[in-house]
Amino acid sequence: MKILLIEDEPELRNSIKQYLEPEGNIVEVACDFVQAEQKIALYDYDCMLIDITIPKGSGLDLIKQIKRKHLKAGIIIISAKNSLDDKVYGLDLGADDYLPKPFYLPELNSRIKALVRRKNFDGDTEINFNEIKVLPDERRVLVNNDYVNLTIKEYDLLLYFMANKNRVVSKSALAEHLWGDNADGFNNYDFIYTHVKNLRKKLLSKGCEDYLHTIYGIGYNFKTCE
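In full-length UniProt numbering, the protein residues as written are 1 to 226.
FYI, nobody ran anything at the bench for these hints, they're computed from the structure.
Among the clues, some could well be false.
Said to hold, decoys possible - Have a look at the derived ranges for each label pair, beta carbon to beta carbon: (1) Glu131 / Asp92: 40 to 48 Å; (2) Ser205 / Pro100: 43 to 51 Å; (3) Ile215 / Thr53: 40 to 48 Å; (4) Val34 / Thr224: 37 to 45 Å.
As the list claims (entries may be wrong) - Lysine-lysine pairs mimicking DSBU-like chemistry, simulated, CA-CA at most 35 Å apart: (5) Lys133 / Lys56; (6) Lys153 / Lys113; (7) Lys223 / Lys39.
Just so you know, these numbers come straight off a predicted model, no measurement behind them.
Ideal Cβ placement from N, Cα and C applies to all residues, glycine included.
Turn these sequences into a full structure, and let the hints guide you.
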C-alpha cells in the first residue's frame, strides 16, 4: 500500500512512518503544504493522512484539491484540532475518516486498512476472486485453498492488479506503487518483469487461471473477462 503522510511534527511523522513501513507499506512524507501539493500532483497514493494545521497552508485546502482532481486515494484527517466544526467540514469536503490526536498507532493502521478495503474491495476483510483468496490482515494468499508463498512485492503486485482488474497498468505505475518516489531514479523497469513473472509462476503452480497478460511496450493487464 502506498501512503502519503502530511504532518509537520517530526517526532509523530517518524513514529507513524516507522510503524507503518514494517507492515509492508510505502510511506512518503510531506512536511508542509507546498511539499504535499507537489507530491499530490506527481504521484498516486492509496491513502493520504492529512493534518489540518500544516505550515504554508491548510490541510483542508489540500482535501479540496484532491477532490477537484478526482483522485482515488482515501483520506484520513489526523489533527489536534478536534472541534466539531473542523471534523464536520473535513468530512463534508470529502475526507473518509477523522482521527484526533493523540491516537494509538495500531488504531491508525486498522483505519487505513479498513479504508482501503472500502475503496477497493467493498470493505471485505477477505478478498475473493474465483479461485484466489486474499486475507489482507494476515497478508496471506490462497489459490484453491492452498497457501501461496509470496514475497512482499509479489503480494503487493497481486493486490494492485486485483484492485485494477481489466485495466492496462503501465510498468512505471507499478514501479511507483511498489517503490514510491525512489522509482524516479530507475533507468528502466526490467525488474518489474521479474516480479510479475515470479508472481504468475507461483499462481499457476497452484492451479490458478492465467489472468496476468503482458501488453508489450506498455505494461500488464489482470484480465478477468473476454
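The hints, checked one at a time:
At roughly 42 Å, the beta carbons of Glu131 and Asp92 sit within the given window of 40 to 48 Å. The hint said 43 to 51 Å for the Cβ distance between Ser205 and Pro100, and at roughly 47 Å that hint holds. The hinted range of 40 to 48 Å is satisfied by Ile215 and Thr53, whose Cβ atoms lie roughly 44 Å apart. Roughly 41 Å separates the CB atoms of Val34 and Thr224, a value that falls within the hinted 37 to 45 Å.
Restraint check for Lys133 and Lys56: not satisfied, since their Cα atoms lie roughly 45 Å apart, outside the 35 Å limit. Taken as a hint, the Lys153 and Lys113 pair is honoured in the structure, with Cα atoms around 17 Å apart against an allowance of 35 Å. For the proposed pair Lys223 and Lys39, the alpha carbon gap of about 30 Å is at most 35 Å, so the pair holds.
Hint check: a violation occurs at hint 5 only; the rest are consistent with the structure.
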